[in-house]
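Undergrad: As a plain string of letters, each chain reads:
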Amino acid sequence: MAEPAPKEQIALHEFSVRYRAALAKQHPTTEQSLDTVRGAVREQYEQEQEAKRSQTSEPPSQSKEREPDAPEA
Amino acid sequence: MDDLIKTVRTYRFASGLAERVRLAEDIFRRIEPDLRLFVFSSISNDSAQDALQEVLKAVAVSLQKFQGDTEKEFWAWCYRIARNKLSDHYREQYAERVQSVAPDELWRMMEVSAQDAPMSPAVWLDLKYAIQLLTAAKPECYKLLWRHYVIGLDYGEIAEERGLNYDAVRMQIGRCLEQAKALLT
Numbered sequence: 605m606a607e608p609a610p611k612e613q614i615a616l617h618e619f620s621v622r623y624r625a626a627l628a629k630q631h632p633t634t635e636q637s638l639d640t641v642r643g644a645v646r647e648q649y650e651q652e653q654e655a656k657r658s659q660t661s662e663p664p665s666q667s668k669e670r671e672p673d674a675p676e677a
Numbered sequence: 025m026d027d028l029i030k031t032v033r034t035y036r037f038a039s040g041l042a043e044r045v046r047l048a049e050d051i052f053r054r055i056e057p058d059l060r061l062f063v064f065s066s067i068s069n070d071s072a073q074d075a076l077q078e079v080l081k082a083v084a085v086s087l088q089k090f091q092g093d094t095e096k097e098f099w100a101w102c103y104r105i106a107r108n109k110l111s112d113h114y115r116e117q118y119a120e121r122v123q124s125v126a127p128d129e130l131w132r133m134m135e136v137s138a139q140d141a142p143m144s145p146a147v148w149l150d151l152k153y154a155i156q157l158l159t160a161a162k163p164e165c166y167k168l169l170w171r172h173y174v175i176g177l178d179y180g181e182i183a184e185e186r187g188l189n190y191d192a193v194r195m196q197i198g199r200c201l202e203q204a205k206a207l208l209t
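Protein chains in written order, with our numbering: chain A, 605 to 677; chain B, 25 to 209.
Do not take every clue at face value.
[Claimed, not checked] Heads up, simulated EDC-like pairs for lysine to aspartate or glutamate below, C-alpha to C-alpha not over 20 Å straight-line:
1) B:K81 x A:E650
2) B:K152 x B:D140
3) B:K81 x A:E652
4) B:K109 x B:D58
5) B:K81 x A:E647
6) B:K89 x A:E650
Quick caveat, the hints were computed from the structure, so don't treat them as lab data.
Note that the structure is a prediction, hence the values are computed from the model and not measured.
Could you build all of it, start to finish, from the sequences and the hints given here?
TA: Shown next as structure tokens:
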């Protein structure tokens, strides 16, 4: 099927731009949403710091010496 | 490069908490309205506010992992996270939601937009036509047209959402538009 006629697309595009602008104007980003974002960023940051701390405080791994093979009978 | 994507890239390399919070606030002030539209168009209003917060949190937590370079890629990434979140936690409402907005409400929103961008007679006719097309569409078509033309999801994103292929969605949307046009004549 051919693409829809541009007339419809132009009309719907104009509608979309205006609808979204009106929505953004009527419902600006709330403090609740920003708090959610801040909390998530902080949580993520703390996890990274924690991971870094545990990396630096881990003692170097001591690899277990391989036991010598049993002597052949 | 778009301003939004510049900020997202800066966020990716920001190491201090204060800087990250400042950049995240800037990013989310710009993307929250469209994510709100996506969520409120996808599930019932009762659950939508909680769902929106879940979506914002999921996007914020993963923001440093975004690897794309364009705004289009960024939006596709955000909508994928939103879709997964809604599908995982609000499956019932997500599947059932097909609720059209009344024409009066659509016009009211156009009047709100006209406060900042006055309508010329030609634009007014375009908007009238768009609202007629949307209101003439059958419920399933309304949902498709709304997601594609109003929210701005592309054929590929809708295809992913519905488990269909790209061409099937493209043809379905074309048919819906043709049907709506036919109902107006």
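Undergrad: Does each hint fit the structure? Answer for all of them.
TA: Hints, one by one, checked against the model:
1. B:K81 x A:E650: Given that 20 Å is the threshold and the Cα spacing comes to 15 Å, the pair holds.
2. B:K152 x B:D140: 18 Å, holds
3. B:K81 x A:E652: The given pair, whose Cα atoms are some 17 Å apart, holds under the 20 Å limit.
4. B:K109 x B:D58: The hint holds at about 16 Å.
5. B:K81 x A:E647: Holds, because 10 Å separates the two Cα atoms, which is no more than 20 Å.
6. B:K89 x A:E650: Roughly 16 Å separates the two Cα atoms, so the pair holds.
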